[in-house]
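Enquirer: Listed below are the residues making up each chain.
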Amino acid sequence: MASLSKKNPNRYFDPDPKQRRIAYELYETVSALPLLCPHGHVDPKLFAKEEASFGTPAELLILPDHYVLRMLYSQGIPLETLGVQRLDGGPVEQDHRRIWQIFAENFYLFRGTPSGIWLADELQSVFGIKDKLNGKTAEKVYDKIEAYLARPAFRPRALFERFNIEALCTTDAATDSLSHHQAIKDSGWKGRVIPTFRPDAVVNLLTLGWQDHIDALSNLSGIAVDSYSKFISALENRREFFKKMGAKATDHSALTPYTEELPPPEAEAIFQRALKGKATEEEAASFTAHMLMESARMSVEDGLVMQLHPGSYRNHNPFIFNLFGPDRGGDIPIQTEYTRNLKPLLNKYGNNLNFTFIVFTLDESAYSRELAPLAGHYPAMKLGPPWWFFDSINGLMRYRLETTETAGLHNTVGFNDDTRAFPSIPARHDLSRRVDANWIAGLVVRGIIDMEDALEMSKDTAYRLAKKAYKL
Amino acid sequence: MASLSKKNPNRYFDPDPKQRRIAYELYETVSALPLLCPHGHVDPKLFAKEEASFGTPAELLILPDHYVLRMLYSQGIPLETLGVQRLDGGPVEQDHRRIWQIFAENFYLFRGTPSGIWLADELQSVFGIKDKLNGKTAEKVYDKIEAYLARPAFRPRALFERFNIEALCTTDAATDSLSHHQAIKDSGWKGRVIPTFRPDAVVNLLTLGWQDHIDALSNLSGIAVDSYSKFISALENRREFFKKMGAKATDHSALTPYTEELPPPEAEAIFQRALKGKATEEEAASFTAHMLMESARMSVEDGLVMQLHPGSYRNHNPFIFNLFGPDRGGDIPIQTEYTRNLKPLLNKYGNNLNFTFIVFTLDESAYSRELAPLAGHYPAMKLGPPWWFFDSINGLMRYRLETTETAGLHNTVGFNDDTRAFPSIPARHDLSRRVDANWIAGLVVRGIIDMEDALEMSKDTAYRLAKKAYKL
Amino acid sequence: MASLSKKNPNRYFDPDPKQRRIAYELYETVSALPLLCPHGHVDPKLFAKEEASFGTPAELLILPDHYVLRMLYSQGIPLETLGVQRLDGGPVEQDHRRIWQIFAENFYLFRGTPSGIWLADELQSVFGIKDKLNGKTAEKVYDKIEAYLARPAFRPRALFERFNIEALCTTDAATDSLSHHQAIKDSGWKGRVIPTFRPDAVVNLLTLGWQDHIDALSNLSGIAVDSYSKFISALENRREFFKKMGAKATDHSALTPYTEELPPPEAEAIFQRALKGKATEEEAASFTAHMLMESARMSVEDGLVMQLHPGSYRNHNPFIFNLFGPDRGGDIPIQTEYTRNLKPLLNKYGNNLNFTFIVFTLDESAYSRELAPLAGHYPAMKLGPPWWFFDSINGLMRYRLETTETAGLHNTVGFNDDTRAFPSIPARHDLSRRVDANWIAGLVVRGIIDMEDALEMSKDTAYRLAKKAYKL
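Residue numbers (the working numbering), protein chains in the order written: chain G, 22 to 493; chain U, 22 to 493; chain R, 22 to 493.
Keep in mind that the hints were calculated from the coordinates and are not lab data. Please note that a few of the clues may not be correct.
Treat identical chains as interchangeable: a pair holds within one or across any two.
Derived DSS-like pairs (lysine-lysine); straight-line CA-CA distance at most 27 Å [claimed, not checked]:
#1 K157 / K489
#2 K264 / K251
#3 K480 / K157
#4 K151 / K39
The following block holds chain G by itself, in its conformation from the complex (with noise of 0.2 Å):
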C-alpha cells in the first residue's frame, strides 16, 4: 500500500483530469502551511525533556493506536499477543518484534482504512520506508525504524519542529497539575503545547473513583469540595490555572447531548448524595446536563472555548473492559439527537457573541438535519470536524457535502487530527487538507465558486477556521 500510492502527487483527488489539476493546484498554496491541532490526545510527556524517546517501533504505532488493536481483535487476534497490558497482570507477549510480525502479516486488514492510508504514509515519509508492509518486510521495516527511533532526530521535539507544528492542545483532566506544560515552558523550548481543560471525570458523577478526583480537585484548587457551590468554585479555580498555562479551550464529553439547568438547591442536594456514594444514574445524568449549562456560564465569562463530544457509548464489551481497561476500541457511537437536547444551553447562551461552542457528532444522520441547521442560525455554535470515524476521506467528505450548503464554511472551524498517536499527525493534515482541496476544486469544475473564492476557501479550511474559532 504504502509505496506506489505516496508517490501519487495526487492521491486522494478524483480522477477527472480537471479536477485533479485545481485541486493540485489549490493544494499546492496549503501544503507547507504551518499544522494547528487544537483539539487531540498526545502525551505531553513526550516534549517535557529533550531527550523523551518513543520508545520500540511496536510502541510508537501499535500500542498507543485503538483504531488498530480493534481491528486486529475483530478478526480473532487477541490483545494479548499484542503486548497490551492486562489489568490482572495476567501473561501478554513481550516481544515487540513478535507483536509486529502480526501486525505486518495482518496488514491487509487495513485496506481502504484511514488507519492503512495514515500508517503507510507514516512510514514513507517520516522514515523514508518504501517497502509496502507485510509478513516478509516486517523485519526489515522494524530494523530501519528501530535504527531511526535511536536517533536524534527522531525523537518528539525534533518530529514536532520538522512537523512544522504552530500549536499542538493536549486534552488534560481537571486534575491534572499540568506538570509535563510547566516542564516543556521551563525548559525553555519554543513548541507551543498547551492543554485542554476537561472535566469529565470530576462532572460524571458515576466515574469511578470519583472521590479520589473530587479529593485531588480539593488538593489542587486548595479549596475544599463538600458542596456544590464548592465544586463550582473549585473548578473555574481550575479553569483560570488552565488558562494562564495557555489552555484555549475547555473539552466535554456526555452520552447525550441532553442539557438542563438545575435549581441550585438540586444541584447541591444531587451532589451531596454523590459525596455520600448514593447518586442514582438518573441524577448522575440531571447532573452532567447541568454541569453543561455551568460550563457554558463559564466559558462566556473566562473566554475558553466550549467543545462538546456526546454520543459515545463508552466500553460496550465488559470482557474487554475488565481484561485491559478503556480505550482499547469498545466505544461504540450511538444515536443522537440535537435539536431538543441543545435547545436550553443555546436559548441561554448561543446568542452570545462572546461564547464559542463547538458541537461534534458520532451520528453522521444529523449533521444535515440537526447540527448544519443549528450552526447556520446560532452565533455562539459552531460545528466541528468529523470525529474519530469519521477522520477519514469519506467521512470527510461527506461532512462538506452534507453540512457546507446549510452552514456555510464559516460556521464550522477546520481541522482536529484528534489522535494519541503523534508521528500520524502530517499525514493526517495532509489527508485532510487534500480531501478539501478536492471537494473545493468539485465545485470549481461544477461552476459554483471561481477560483478567487477557491483559494480563500482552501486557506480557510487548512489554516484559519481553526486559528480562529480556538484563537490559536
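With the hints as your guide, set chains U and R onto chain G.
Expert: Positioned in the frame of chain G, the structure of chains U and R alone reads:
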C-alpha cells in the same frame, strides 16, 4: 461568484466530458419549458395590481429571505443592522444602502451554498450584473438594481411573464379572504396565480390567537364555529371556496407526521376545551393527528391534493422569536418517523386512487428507509421534492440517489421552489433542472438507461410529474 | 433499456476513462468465478425433479417478484389484474399474456431501479432478447420466452448449471421436512442446494397459527413440545437435522434487534401462556429477544452461522394483507437501534471465536454509526451485505463507502442475492461484482490502494468472503 460561474453553460454538471455532454443535451430539451410552481410562499399581493413594485434592492433580496438573514445572524450580525423590524418597535437600520453594504461585505459567507448560487444567478440573469458582489462593488450593484426596479419591465407581473411561469401556487391561511387572488382575477391579467389551502392556524389548538382565527373562520364561512362538527363544516366550506378560486391542493404542517382518528365525541370534547382556552399540549397533538385524518377524508371527497410538511421545530430560539417574530431562521428540523406515524392515514386512505398525498421531509435518513418504500407501495402516496435546506445541489442529488431505486420516478412529483423570494424562482428551477439532467446523464453513461429513457425522464422531472401530481 | 445498456461492457462503471479501465480489468478477473448464494428464497422444489419447469413468462418474471408487484400497485394497478391469487378466491386475471402486456406497458416505471436493470439483463442474457420491453414488443418477447421455457435447456437444473452456481442456500422453516432437499440428494444430481434454518414462525409466539407450527415441530422432532425446555430440545433436534442436510446457517427475523436473556422460569412461564393462547405482545417481544440469545448459544455449540434480519414492519397495509396475504410489497422498514439492543448478545457471545453472527439492516443510517463500529470490534460479528431495497447500484456503493473505512472489508461477508426470482441470480451477482470492481478501481485511481491490493479485494468481495463467512 456571480459572473464567472454563470457564463458556464455546463454549470452544476459533473466534470466528466461524456456525462457533461449528455447532461447538457438533456438540459437543453427542458430548459425552455414553462415553470410550474405548485408549492411556495410568494405574496399574491405582488400581482394584485399592475403597478406593484418590489421596493428597494434590500427589500427584494435580503429582507424576505430568511436563508440570508439566518446566515448573517449566525456570524454575529444583529438582525437590527439588517433592518428587520422589531416587534417592540425598537430602532433598526433604516438606510437600505447601508444594509446592502453589510450584505455585500459578507457575501463570501454564502460560498458553496444554494443562497449564494441563486443570488449570483439572479443578479446576472435578472439584472444583467456582471460584477461579483462584495464590499467594493456593493454600491454600484445597488444602483443598477435600483434603476432596473424603477422600470415597468421589472414589476412583478412583467417578471412573471418574462420568467415563463405557467402556474404559481401561493400558500394561504384557511382564514384568508383571497382578496388578492380575486383582484388578480378581476384585473383581467392572464397570469395564473392560485391559492393553496393551509389550515394550520385553526387546526393547531395552541396557535397564538387561535380563538381569533376561529372567529375569522366563522365570519368567512358564515358558520358559527362553536363545535367540532361546525368546525369541520366551516373547513369544508372554505375548501370549496378555495377550489372555486382555483386551488388544487392543501398543505399541512405538523411537528411529527403522527396520524390518529379520534372518536367524534372525543374530538368534540377536545375542541370544546380549546374553545375555553384549556386544551393541553397532549390534546392539541391528538387533535392535529386527527385532523390529518379528516383532511385526508376531505381530499378523497373534494379532490384537493394533500401535502404534509412535518418535522420542523418552529421558533427554536425564543430570543429571536420574541424580538422579531417567526420565520427569521430559528426553525430547526428534528428526527422524523413515518412508518408507524402514517400507518392509520395510509391504511384508511392510502389505497384510494382518488387521493393524492404528497409527503415531505427534513430528515434525509427517512428517504431510503421509510419514504421511498411507502411511496413505492401505497397508490395514494407520493414523495415531495427536497424541502428547504435540501433544495440544493447535493440535497437534490441525494434525493434522487436515495429514493429512485426504491420508489421509481413516478412516485415523486417534480420540483417545488417553495420560496418567498419571487425573483429567485428561475434560478431555483434552472438549478433543479440542471441537477436532474446531470443525474440522468449519469445513468446513461453508466449504461443503466438509454437516451430514449433519459429524454422521457428529463421531461418528467422538469415538467410532467408536477403537472400530473398537482393536477395543473 | 435492455439492449443498448446490456451490450456495454462497462455498464455500472463510473465514466472516468482511467477508473473505467481499471474497473473492467478487476471485473474481468472475477466475472467467471462461480456464484455463491449463501442467503435467498428460491423454492427448492424447482430442483427436486429434473423435469420441473418455470411455468409461463408471467409465472417466471412477475408473480414471484414482489418488487415488481409493489411498483405496479403503487401506480394504481390492482393486483387482481396481475393475476395475484386472492385469499377469498375472488376473480383475478387468468390470461398470462394479458398480465404480461400490462407489465410491458408499464415497464418504464422501472427506469433507474434495480428491478429494471435485472429484468433487462435477464431478458438479454438468459433469453437472448434484444428488443426493449414495452407495450409494442410485449407479445413478441412473451412468445420468445415461452418458446425457450419449453426447452429442457431452460429447466431449473439446467439453468443452475449454466449459471455456474457453486452453492445455493434456501430459507426453510424449522418445521419444514426438507423433502425437496432430500429429493435433490436422492436424485443424484450434483447441484448443491442446501437449507437454512429459520425458526421465526415457532419463535414468534404471536405468529398466525403458532400452535399448529408447534405441533408440526413436535411431530418432526419426535419431542412433544409442551414446555419451554422441550421447545429448546426440539429446536436443537431440528438444527441437527438441518446440519445433516447440509445447512451452514440459521436466519432470524425480528422487528428490532433487541436481545435479552430471560431467567429460565420466566421463559417457561411465557411459553406456557403462549400454549394457552394468552401471550401478550410484550411477552412475545421479550421471548423473541430471549430466543436470539438462545440461538446464539446454539450456534456457539453447533457451529451454524447466525444471521439476523431486523427492522421490517411486516404487513403494513392490512387491505393488501387481508386480500392477498403476506409478501406483496407491504413490508416497510423502521428506524433500528443496534448499539444497545445487541449489547447483551454481543457481551455474552461476541468475543467467542467459534461464533459467526451476521447482522443486516434496512436502516442505512446505522452503517457508519453503529454497525461498522460493532463489526469492527467484536470478533464474532460480521456485517451482512446491503439487504432488499439496498441491493442496488447506489445501495451497494453507499454500503462500501459508509462501512469499509471503519470495519474494513474482512468484517463483511460478500454478496447475498436474497431472491425468490431464480433467473435473476446471474444479473444480481454481475451487478454486485461490477459495483465492487468500480468501487475498488476508485480506490486505485485515488492512490489509496495499489493494484495488488485491488486484485485481492476483488476476489474477496466476489467470492472469498462469502465462502469463508458461511463456511461453504
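Enquirer: All hints are to be evaluated individually against the structure, with a verdict given for each.
Expert: Evaluation of the provided hints:
For a Cα distance limit of 27 Å, the shortest separation of K157 from K489 across copies, 24 Å, qualifies, whereas the shortest one inside one copy, 47 Å, does not. Within a single copy, K264 and K251 get their C-alpha atoms as close as 20 Å, which meets the 27 Å cut-off; across copies the closest is 66 Å, which misses it. In this assembly of identical chains, K480 and K157 lie within 27 Å of each other by CA distance solely across copies; the values are 22 Å between and 42 Å within a copy. Only between protomers do K151 and K39 lie at most 27 Å apart by alpha-carbon distance; the minimum there is 25 Å, versus 30 Å within a single protomer.
Violated hints for the displayed structure: none, as all numbered hints are satisfied.
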